[in-house]
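Student: Residue-level listing of the chains:
Number of protein chains: 2
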Amino acid sequence: MSEDFESAAAQAVARLTAHWAALESLALPVEPAHAPGATARALPASAPERGEPLERILADTWSVVVPGLVHWQHPAFLGYYPTANSPASVLAELVTAGLGVQGMMWSTSPAATELEQVVVDWLAKALGLPGSFLHSGGTGGGVIQDSASSAVLVAIVAALHRASGGGWRTDGVDGRYRAYCTGQANSCVPKAVRIAGLGEPVEIATTAGTGAMDPHALAARLDADRRAGLVPTVVVATSGTTATCAFDPLPAVADVCRRHGVWLHVDGAYAGSAALCPEHRAVNDGLEAADSYAVNAHKWMRTGTPCDVLWTSDRASLTEAMAIRPAFLHNPATESGAVVDFRDWQIPLGRPMRALKLWYVLRAHGLEGLRAAVRHDVGLAGRLARTIDREPGFHLVAHELGLVAFRYGTDGQTRALAARLAADTGLVCTPAEVEGRPLLRAVFGSPYATEATVDQVWAAIRRHAQAC
Amino acid sequence: MSEDFESAAAQAVARLTAHWAALESLALPVEPAHAPGATARALPASAPERGEPLERILADTWSVVVPGLVHWQHPAFLGYYPTANSPASVLAELVTAGLGVQGMMWSTSPAATELEQVVVDWLAKALGLPGSFLHSGGTGGGVIQDSASSAVLVAIVAALHRASGGGWRTDGVDGRYRAYCTGQANSCVPKAVRIAGLGEPVEIATTAGTGAMDPHALAARLDADRRAGLVPTVVVATSGTTATCAFDPLPAVADVCRRHGVWLHVDGAYAGSAALCPEHRAVNDGLEAADSYAVNAHKWMRTGTPCDVLWTSDRASLTEAMAIRPAFLHNPATESGAVVDFRDWQIPLGRPMRALKLWYVLRAHGLEGLRAAVRHDVGLAGRLARTIDREPGFHLVAHELGLVAFRYGTDGQTRALAARLAADTGLVCTPAEVEGRPLLRAVFGSPYATEATVDQVWAAIRRHAQAC
Chain U
1 MSEDFESAAA QAVARLTAHW AALESLALPV EPAHAPGATA RALPASAPER
51 GEPLERILAD TWSVVVPGLV HWQHPAFLGY YPTANSPASV LAELVTAGLG
101 VQGMMWSTSP AATELEQVVV DWLAKALGLP GSFLHSGGTG GGVIQDSASS
151 AVLVAIVAAL HRASGGGWRT DGVDGRYRAY CTGQANSCVP KAVRIAGLGE
201 PVEIATTAGT GAMDPHALAA RLDADRRAGL VPTVVVATSG TTATCAFDPL
251 PAVADVCRRH GVWLHVDGAY AGSAALCPEH RAVNDGLEAA DSYAVNAHKW
301 MRTGTPCDVL WTSDRASLTE AMAIRPAFLH NPATESGAVV DFRDWQIPLG
351 RPMRALKLWY VLRAHGLEGL RAAVRHDVGL AGRLARTIDR EPGFHLVAHE
401 LGLVAFRYGT DGQTRALAAR LAADTGLVCT PAEVEGRPLL RAVFGSPYAT
451 EATVDQVWAA IRRHAQAC
Chain D
1 MSEDFESAAA QAVARLTAHW AALESLALPV EPAHAPGATA RALPASAPER
51 GEPLERILAD TWSVVVPGLV HWQHPAFLGY YPTANSPASV LAELVTAGLG
101 VQGMMWSTSP AATELEQVVV DWLAKALGLP GSFLHSGGTG GGVIQDSASS
151 AVLVAIVAAL HRASGGGWRT DGVDGRYRAY CTGQANSCVP KAVRIAGLGE
201 PVEIATTAGT GAMDPHALAA RLDADRRAGL VPTVVVATSG TTATCAFDPL
251 PAVADVCRRH GVWLHVDGAY AGSAALCPEH RAVNDGLEAA DSYAVNAHKW
301 MRTGTPCDVL WTSDRASLTE AMAIRPAFLH NPATESGAVV DFRDWQIPLG
351 RPMRALKLWY VLRAHGLEGL RAAVRHDVGL AGRLARTIDR EPGFHLVAHE
401 LGLVAFRYGT DGQTRALAAR LAADTGLVCT PAEVEGRPLL RAVFGSPYAT
451 EATVDQVWAA IRRHAQAC
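If you read the protein sequences in the order shown, they are chains U and D.
Taking our numbering, I'd label the letters of the first sequence as residues 1 to 468.
Taking our numbering, I'd label the letters of the second sequence as residues 1 to 468.
Just chain U, with the same shape it has in the complex:
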């Protein structure tokens, strides 16, 4: 099958580079006009009995699948958070898949584990993170997860372990443990709190008009819960909220957490990457007192999804919470205590070689290249923000890093505009809500976006607004 593979892989590479060129030249729409079931109906009802040539499957990919995709690296994709990508990342995925190893323990592929330790340390240094998060620094370390969702769940579990003195491992949770965040935390936070068995998180108020956690409200609630016999366990703060890229005031929040002995997890999924640039290093303020921190390299660092990096300064709590050591995982390296086994840093037992992709991206782009990408996107967001700010009827709600949030006219008009934009296949722009009021947000991240893109997107938004 190798010969068939070599020829099919060459075709795939050619198709992909043509695809990227089409994105760059706007030859493809950002999203399809797609009726539910259209792709499913184009496929047979059962798998074939006989094998088929790879080239035929590849051709069907472009005729059946690609027309039904939303192109997350398209210049006019300003929704959610654009998913990063680059040729270096794609090459690494090819090599990772081809080598096909499983790195659940050091012993099951020593180089996979050590490369990951080195590369997450590289990234921590590049972002200027506290030394307590480094593998080479003492009691901490980083690990690659699939998502900020999994990262926050792992952090919550570590916090439960620490808050319960380990008793949680055997007894489970019992209705006393509490998790805290604002209503502006990403939906993955309440979801993880729920999965960990804690029900709904306690919602901490934001300071009016900021979208950011009020540390006084946090302190008051922790005091009250403590007095009520509850166990405040974990506070999840956000550096860069989804709706408006608001920053919970980490130094003050961390201070409250420290006083109460509560685990502080910081979700920097999007904005954390900005710290690559010295001028944006303020996003790290207060992290030295955090117990864990997560950044999605797949959001703003040219690394394809999935690639979230979770760091902790309390490796022991995290790994003791997650560790499980059946006979079939016994091996001399683990027992020596001289190695890291990443199975104990994540929910799944098995894991692919996760670090190769980040290693390729950091080397191929260099820190200079990644900083330039951040600055480029910040520049485009600034252009859109200034335009919106000048336009009668529009209201600029927030402009932070590569994110712009805005309203048009009344709340009803903003909602009408959101509906019109959702129906327009020429751009993707996501709605959100702050303090009960709707807004629209645009986030820049496409490697192909230019000032001309901003102007085209703005023209479309303005045109739709006039009909609202």
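Some clues are possibly wrong.
A pair holds if it fits inside one copy or across any two, identical chains being indistinguishable in the list.
Below, computed lysine to any residue pairings styled on SDA-like, alpha-carbon distance capped at 20 Å [claimed, not checked]:
1. Lys125 / Arg41
2. Lys125 / Pro48
3. Lys125 / Val202
4. Lys125 / Ala27
5. Lys125 / Pro326
6. Lys125 / Gly138
7. Lys125 / Gly166
8. Lys125 / Ala459
9. Lys125 / Ala45
10. Lys125 / Gln466
11. Lys125 / Arg50
12. Lys125 / Ala42
13. Lys125 / Ala22
14. Lys125 / Asp255
15. Lys125 / Glu49
Note that these hints are calculated values from the structure, not bench results.
Starting from the known structure of chain U, fit chain D onto it as the hints suggest.
Tutor: Chain D only, in chain U's frame:
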């Protein structure tokens, strides 16, 4: 960067095909003689400032990383479960990475979701699973997860939702909910039970000498727990345990679960693939009464890791348990109710296009090809089992499908043999334990293994045994 990519990708393909040929011809050892820190020391302490050519990074991959890997598709890799792979799977990973879409909702790439619905239905039909697990069948459906670990956690969460009448979502668990499995369940089961906040699972006894759950013991314990005011929530049964590929008696276990209204999750991570072959369809017996079932395509279906398929016959409980709908995820397709949003079927919010890989593998190999692979491995295991059974001093503990479990002499001698095999870089063979006694196990799965491999591996095992 595209030109650099095309040339580097061509080199990567050539390197990978050479690598696979080296595995097939036994030109590489299965694992490295690797001292802790060897790879880390070969890497710089920081990421480079300037970008580097992809070809240099590729060359370093082979000089620095590959020598420190354990080769999971090597013919002499008989440990854990071999991680499946194939050129079709690798090609699909390349295309998936290159297209770089994110399929958290139908609307964020309709074709990604629909392809997944179709392909997991294909696989369900190919395995002869109950129609209740099909998307096209009514109240059920399948979804691709990263691992059997995540699959069982999702199932536990769905079970908690159903057992609590939904109250668990807001109130959390409270010490009354119980999960049940035997001591032979994979370690991912107690880990998932712990993460869900239930503490340790209740261990149900196995029928002596079988490694399989005693359904009478299960019934007695559920009765007792119910009388004690507890809430039996989920039973995790295993089709093919890790140590000896034992099968919990599903029809009897399902009967008990149904009587008690308890969610039954079945972990068929390894053995489930055998149902591709009509002669092994008995592994499915009893599944028609299961609420959820998981099979790892990355164990025995030529699909690279990660690729676990989780099916449920109770889609509503699963998605209601996991759903979360902040403003930024609102979209007309979701609100219409006409589409599936896989974010509500898994722990993370985001997800790559997971189905392309399984689609490529099913088509490239065809069901005939996948059945032939299962039969080949079963044949090799039979050859090793017969040899062990004939050899004085060795005791064949179990021989099921592609797995062989054995002891040598006393328990002390078996442990000594395990230690010698762990130190031998010429093969990988994993220890395990049943009823407190050690054993060794070998699982066949390498596409390159032949009868000659079996004989070479056996000669090595025999030689090491003579020194114990």
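Student: Now look at each hint and say whether the structure bears it out.
Tutor: Hint check results:
| no. | hint | verdict |
| --- | --- | --- |
| 1 | Lys125 / Arg41 | between (50 Å within a copy, 17 Å between copies) |
| 2 | Lys125 / Pro48 | between (50 Å within a copy, 11 Å between copies) |
| 3 | Lys125 / Val202 | neither (34 Å within a copy, 45 Å between copies) |
| 4 | Lys125 / Ala27 | neither (39 Å within a copy, 39 Å between copies) |
| 5 | Lys125 / Pro326 | neither (36 Å within a copy, 34 Å between copies) |
| 6 | Lys125 / Gly138 | within (15 Å within a copy, 52 Å between copies) |
| 7 | Lys125 / Gly166 | neither (32 Å within a copy, 44 Å between copies) |
| 8 | Lys125 / Ala459 | neither (41 Å within a copy, 50 Å between copies) |
| 9 | Lys125 / Ala45 | between (51 Å within a copy, 9 Å between copies) |
| 10 | Lys125 / Gln466 | neither (48 Å within a copy, 52 Å between copies) |
| 11 | Lys125 / Arg50 | between (52 Å within a copy, 16 Å between copies) |
| 12 | Lys125 / Ala42 | between (49 Å within a copy, 18 Å between copies) |
| 13 | Lys125 / Ala22 | neither (36 Å within a copy, 38 Å between copies) |
| 14 | Lys125 / Asp255 | neither (24 Å within a copy, 56 Å between copies) |
| 15 | Lys125 / Glu49 | between (52 Å within a copy, 12 Å between copies) |
Against the hints set out earlier in the document, violations occur for numbers 3, 4, 5, 7, 8, 10, 13, 14.
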